Amino acid sequence: MPWTLLFKNMFSHPFRTLLTMGSLIVAVFLLCFLRASLVALEAGVAGASSNRLMVQSAVSLFVDLPLSYQGKIENVDGVAGTCKLQWFGGIYRDPSNFFAQFAVDADRFAAAYPEVELTQGSHEDFKATRTGCIIGEDLAKRFGWKIGDTIPLQGTIFPRTDGLPWELTVSGIYKAKTANVDNQTLWFHHAYLDEALVAGQATGPRGVGVYVVALDRGASVERVASQIEDLFRNGPQRVQGTTEAEFQRQFVSMLGSVPTFLGSIGGGVLFAILFAVLNTMLLTARERTHDLGVMKALGFSDAIAFWLLLGESLLVCVIGGGLGVALAWGTQGPLGAGLKQLIPTYVIGQETVLEGLALAVALGFLAGIIPAWQASRLDVVEALRAEI
Amino acid sequence: MGDKAKEPAIELAGVSRTYHRGGETLKALDHFDLTIEQGSFTAIMGPSGSGKSTLLNLVGGLDRADAGLVKVAGEELTTMTNAGLSAFRADRIGFVFQGFNLLPVLTALQNVELPLLLSPLSGKERRKHATHALTLVGLEDRLDHRPRELSGGQEQRVAIARALATDPELILADEPTGDLDRASADAILDLLQRLNREHGKTIVVVTHDPKAAMAAQRTIHLDKGRLEKVVENEPKEGVAKEGEPAEAAAPVQDGVAAAETSEEAAS
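Protein chains in written order, with our numbering: chain R, 77 to 464; chain F, -11 to 255.
No lab work stands behind these hints: they were computed from the structure. As the structure is a computational prediction, the values presented were derived from the model and not from experiment. Where a beta carbon is used, it is the ideal one built from N, C-alpha and C, also for glycine. Any given hint could be a false lead.
What the hints assert, rightly or not - Straight-line alpha carbon distances no greater than 20 angstroms define the calculated EDC-like cross-link-like pairs of lysine to aspartate or glutamate that follow: (1) F:K212 x F:E12; (2) R:K84 x F:D211; (3) F:K59 x F:D79; (4) R:K222 x R:D201; (5) R:K217 x R:D258; (6) F:K15 x R:E458; (7) R:K84 x F:D132; (8) F:K112 x F:E137; (9) F:K15 x F:D167.
Said to hold, decoys possible - Some but not every residue of chain R turned toward chain F, in silico, with C-beta under 10 angstroms: (10) K84; (11) G154; (12) G339; (13) G342; (14) V370; (15) M371; (16) K372; (17) L374; (18) V456; (19) L460.
What the hints assert, rightly or not - Residues from chain R that keep clear of chain F, each with C-beta distances beyond 12 angstroms, as calculated: (20) L81; (21) M86; (22) H89; (23) L106; (24) L143; (25) A252; (26) A321; (27) R364; (28) A373; (29) A381; (30) V429; (31) Q450; (32) E458.
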């Protein structure tokens, strides 16, 4: 294979080659970015525990369940324990500082979420402090919070009647072991919230959004879910028991058609770049007709003509695509930091890197195969007559 | 080997080639017979459309005859596959074209190395052979020049060096002086004569130029795809005359051109 010729041909029009590579870099970077975003959106689903049930209202996630359900659920055969989970929706100083906050059973939380590991503070302190909370390490880093700090949260669903914010004290900082829990969440005592509601110090619905149900080892998820659903079939609130993966999927689907939209953009980008490279390669092949005729006259076979064109296309795409992947990989740190609130687990993983490179090779092949086939079929005499 | 040596370099018998263009049928060669001996220098002349280039293309394995026998360097071309013809061209034929046909992205040395890429030679050996061929045509000081940095005469000499690189038995030249001024053309003809005389190459030149034809030992005249006449030329050594700026008339001595080209001498 005349590699020297391949490289020299590739840069015979350096500006055009660099522009083609530039568009490949941008396109493959964008595709890697979209792919990593989709992977991040699905991370909660992928990392979900198979040994945990989420029990919510059968009507909607936004309808609360009665507090009395907890004891009844715990009596179901196969249930190891439960933990309340109530969306709080408070604002820290400004709505743009959004992060998730949940009211939970402080004494049951550690058992319900063993993947939430405290790196600072302790569960004992959390349990002992009525206004205590546990925060993710990314959240701590974002706002500079440390153990003992007070976090003021203005209630929106649960506003305090005195108009002041809720004050929570940092008892622990965690790092999740799996991707289904991001490191930007705040967990605090459900009892603290409920007491305030009972005492009239705050307003809002009294209940539980979701009961997190831990199962005994070996218990059938389907059977337990079905038994819990049967338990409340006649009201007052019918419930739905779903696996955590299914539960997480609801949030992804809440984004509506965003994943589909991202996928469509990716598909569009892919076709646009394929047509752009194909167009360049067809132009290259036409310009190269005379040279290929000369080479064939000198004894180069049809197969070599084929590989010269296909090789050039592959080389341009692999270099351009490779640089695109490298750009996506190199910028994941700053991009991930910038997108933390929207896509908490944005990472260019090994799979995305391999997919990006495979895509570059596929683009090179698809864009080069037609010009290469034309080159191999080129009639020597006609090619020599072609204008230079 | 002895029998092979006596075999004609080119043997055509009853060769026909017809082209169909725009509903028209053009008989480029019509039951054409020709024999060219090894080590000869033959010119082919004729008006446009007489079949000269078709003849050269068939002999060079660039095109296929519709009928008849085309035997070159002992090989029957009409039955060869495309891959077989490619290998035949690589091993047995050296082409020189009117428009030089050098690859613009490659240097003179790389252009001459090009056909050697098909050989089993190492990179070092390829460069050695290519340098030798360029020295032979008096361009040892232009190895790293690209075609656009060379004069027309120099480009054609690079093309001849490329044709010589694989040491083929047969050199086919299609209007090799067509794009050159008189002095450069004479120098190229002189070089071809020397390659024939001193290196035993069989040379076939298609030309419109009577002076180029006179450089050959024999001129074959074609008309309407048929052999019109054969003229034996008087033996003549050297085309470039004294006093003329014979750009490429570097004397070939023991396979190596003299260090100084006439171009340098003139400057």
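Exercise. Holds or violated: is the Cβ of R:M86 farther than 12 angstroms from all Cβ atoms of chain F?
Worked result: Violated: least Cβ distance 9 angstroms, not greater than 12 angstroms.
For this session: Classify the label on R:A252 as holds or violated, using whether its beta-carbon is more than 12 angstroms from each beta-carbon of chain F.
Result: R:A252 clear of chain F: closest Cβ-Cβ about 56 angstroms, beyond 12 angstroms.
Exercise. Can we confirm that no CB of chain F comes within 12 angstroms of the CB of R:R364?
Worked result: violated, 10 angstroms
Problem set entry | Whether R:L106 stays farther than 12 angstroms from all C-beta atoms of chain F, as the label says | holds, 32 angstroms
For this session: Assess, step by step, whether the Cα of R:K222 is no farther than 20 angstroms from the Cα of R:D201, and give holds or violated.
Result: Holds, because 14 angstroms separates the two Cα atoms, which is no more than 20 angstroms.
Problem set entry | Exclusion check [R:Q450 not at the chain F interface, CB over 12 angstroms] | Non-interface label on R:Q450 holds, nearest chain F Cβ at 15 angstroms vs cutoff 12 angstroms.
For this session: Could you grab the alpha-carbon distance between F:K212 and F:E12 and see if it respects the 20 angstroms cut-off?
Result: holds, 15 angstroms
Problem set entry | Hinted pair F:K59 and F:D79, Cα distance within 20 angstroms | holds, 15 angstroms
Exercise. Does the CB of R:V370 sit less than 10 angstroms away from some CB of chain F?
Worked result: holds, 4 angstroms
Exercise. Can we confirm that no CB of chain F comes within 12 angstroms of the CB of R:A321?
Worked result: Correct as stated: the minimum Cβ-Cβ distance to chain F is 57 angstroms, above 12 angstroms.
Problem set entry | Proposed proximity, F:E137 with F:K112 (alpha carbon, max 20 angstroms) | violated, 25 angstroms
Problem set entry | Given hint R:E458 paired with F:K15 - CA-CA distance at most 20 angstroms | holds, 17 angstroms
The structure does not agree with the numbered hints 2, 8, 9, 11, 12, 13, 20, 21, 22, 27, 28, 29 and 32 stated previously, though it agrees with the rest.
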